[in-house]
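Enquirer: Next come the chains, spelled out residue by residue.
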Amino acid sequence: MLVALVAFFSVLCLGLSFQIGNVREEVVSFKQDGVEYVSLSSLGKALSELSTRLGVDFEVGTFGPMYFLRYGDVVASFMVNKSILSGPGFVKYLPGPVIEKDGEIFLPIHDILDVLGLTYKVVGDTVIFVTCVIERLRLEDGLIELEYKGEPLFNVQVEGRFVEVELTGPSIFADKALLPKEVSVEGGYDNPQRITVELANPVSDFSVERSAQTYRIEYSVKVPSFTRVVLKMSEDDTAVKNVFENVLERFGIALVAKPTNAEDEVEIALIKSRHPSILYEPEAKEHEGYFHRQAVLSKRLAEKLASELSWTYEPIYLTLLDPAVVAVALAWPFDDLERIAEAVGKCLVEF
Amino acid sequence: MLSGILKVVVLTLSLCIFTALYAARIYYVLPSGEPKVEEVKIPEDENPFSFIFNALSNPPVGCLRLLPEDAFRAIYVVRDTLYLDMYSESFTGYSFDEVRYLIHSLMSTIFSSFEGIKWVKLLLDGHDGFPLAGTVEITYMFSREVWQDWPVQSP
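Residue numbers (our numbering), protein chains in the order written: chain A, 1 to 351; chain B, 1 to 155.
The set of hints was computed from the structure by calculation and includes no laboratory data.
Some hints could be false.
Over 10 Å on every C-beta distance to chain B, these chain A residues come out as not near it, computed from the model [to be verified]:
{"#": "1", "residue": "Asp141"}
{"#": "2", "residue": "Glu159"}
{"#": "3", "residue": "Lys285"}
Only pairs whose alpha carbons sit at most 20 Å apart, straight line, appear in this in silico DMTMM-like list of lysine to aspartate or glutamate [as the list claims (entries may be wrong)]:
{"#": "4", "chain 1": "A", "residue 1": "Lys299", "chain 2": "B", "residue 2": "Glu137"}
{"#": "5", "chain 1": "A", "residue 1": "Lys121", "chain 2": "A", "residue 2": "Glu186"}
{"#": "6", "chain 1": "A", "residue 1": "Lys299", "chain 2": "B", "residue 2": "Asp149"}
{"#": "7", "chain 1": "A", "residue 1": "Lys285", "chain 2": "B", "residue 2": "Glu38"}
{"#": "8", "chain 1": "A", "residue 1": "Lys232", "chain 2": "B", "residue 2": "Glu137"}
{"#": "9", "chain 1": "B", "residue 1": "Lys121", "chain 2": "B", "residue 2": "Asp149"}
{"#": "10", "chain 1": "A", "residue 1": "Lys285", "chain 2": "B", "residue 2": "Glu145"}
Glycine is no exception: its CB is placed at the ideal position from the N, C-alpha and C atoms.
Generate coordinates for the entire structure from the input sequences, incorporating the hints supplied.
Expert: Structure follows, in structure tokens:
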């Protein structure tokens, strides 16, 4: 009875899982005398999957009474009931012996993973294998280069001045040195979710090139024709203004309080309306060609904004618009502010 | 001799202006902001401008009534420009959408109905210094080139 109780308390099923990429699988594991064990068959299955993903050689076998695991350049040998892992040039003493139980071989999990040089994280009862190790991030004019080992778990998105690299699976930064000030990492070095590079000017075009160890994002930037916006409203609305200010800033466009008639300035009037549309002032007879350029550009900008927002565009003479500058009015119910402001930023950058 | 030439010029201009007199196109506006165009025949003994403005003031069921009745102080043509002098008080309380569609409706109706009219000048109480319903600038003349058709375009 006592022996059975001792056996029950000393061997506990762990319910451990291995996660590779987005695939999570429960493994045969238990804890005995404080040491966490995993079955060789579960480990072999995970190593086989990793070897396929990462292009690393993997082999498991026996040599006389000895078992061996070869993963990449590392070979680790062990024997049942012995507390030693050994290989060319190393001997590692284990916290517990290799166990044979119910026809399965069990190994102390963390020791074998460490010996094989695997990068992993333990979150709760899950061992997450990191299949993408970012070794270096290099910034140059027109280039963002990631040197990595493993899988290229990168998904690039560009918005205005921001190049965002989303990490689509478990990743880690090998080098914990400080990154350039233009780079921010959401989730930190050990669990990066998104790498954001803030550029001085909005990106006009980009392409991605991938090799076995480098991921290169080549981009070109556009210095926008308009870098300043005068926001006009019939009634001042600070909340609306703040949204536009924050969003346009991301596109490298500043809100200015008063018109200065600078070449890089555009006036945007905001009007509350049930029917979304972009309004522009056509050239008037009274202007006699004085403001021809402004009228042409205003109409072109209205057309572009309408296209971006899937709205209509129409001519009208408005007190809020100045024929002497490039100016358009946005009429809509003042909903979806962020999206509208983003469309304005995008169009001004591309204009 | 000179008066003869003048008569010919006046007659030619009149013909130009009233060529399409018998088939005016009225641009009504639906609550969605879309136009509803109707062709109407103007009786010979009717003043064509009064007739179409009266039609706009009394839209069919389902269309917006954007032009008030008796909104005009005076309507007159100088060369190729139609002057519409309106009472400012007729448009008090107009929303932005109402005044915007009123302009499109008026202009499209005028330019598609009277070929000789190239410009429309709006006045409020005889002046152009104050905006219509507080938002639409009337300092400038509205052109046929821009408003001949319904001007709200999809990209």
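Enquirer: If you check each hint against the structure, which ones fail?
Expert: Violated hints: 3 and 7; rest satisfied.
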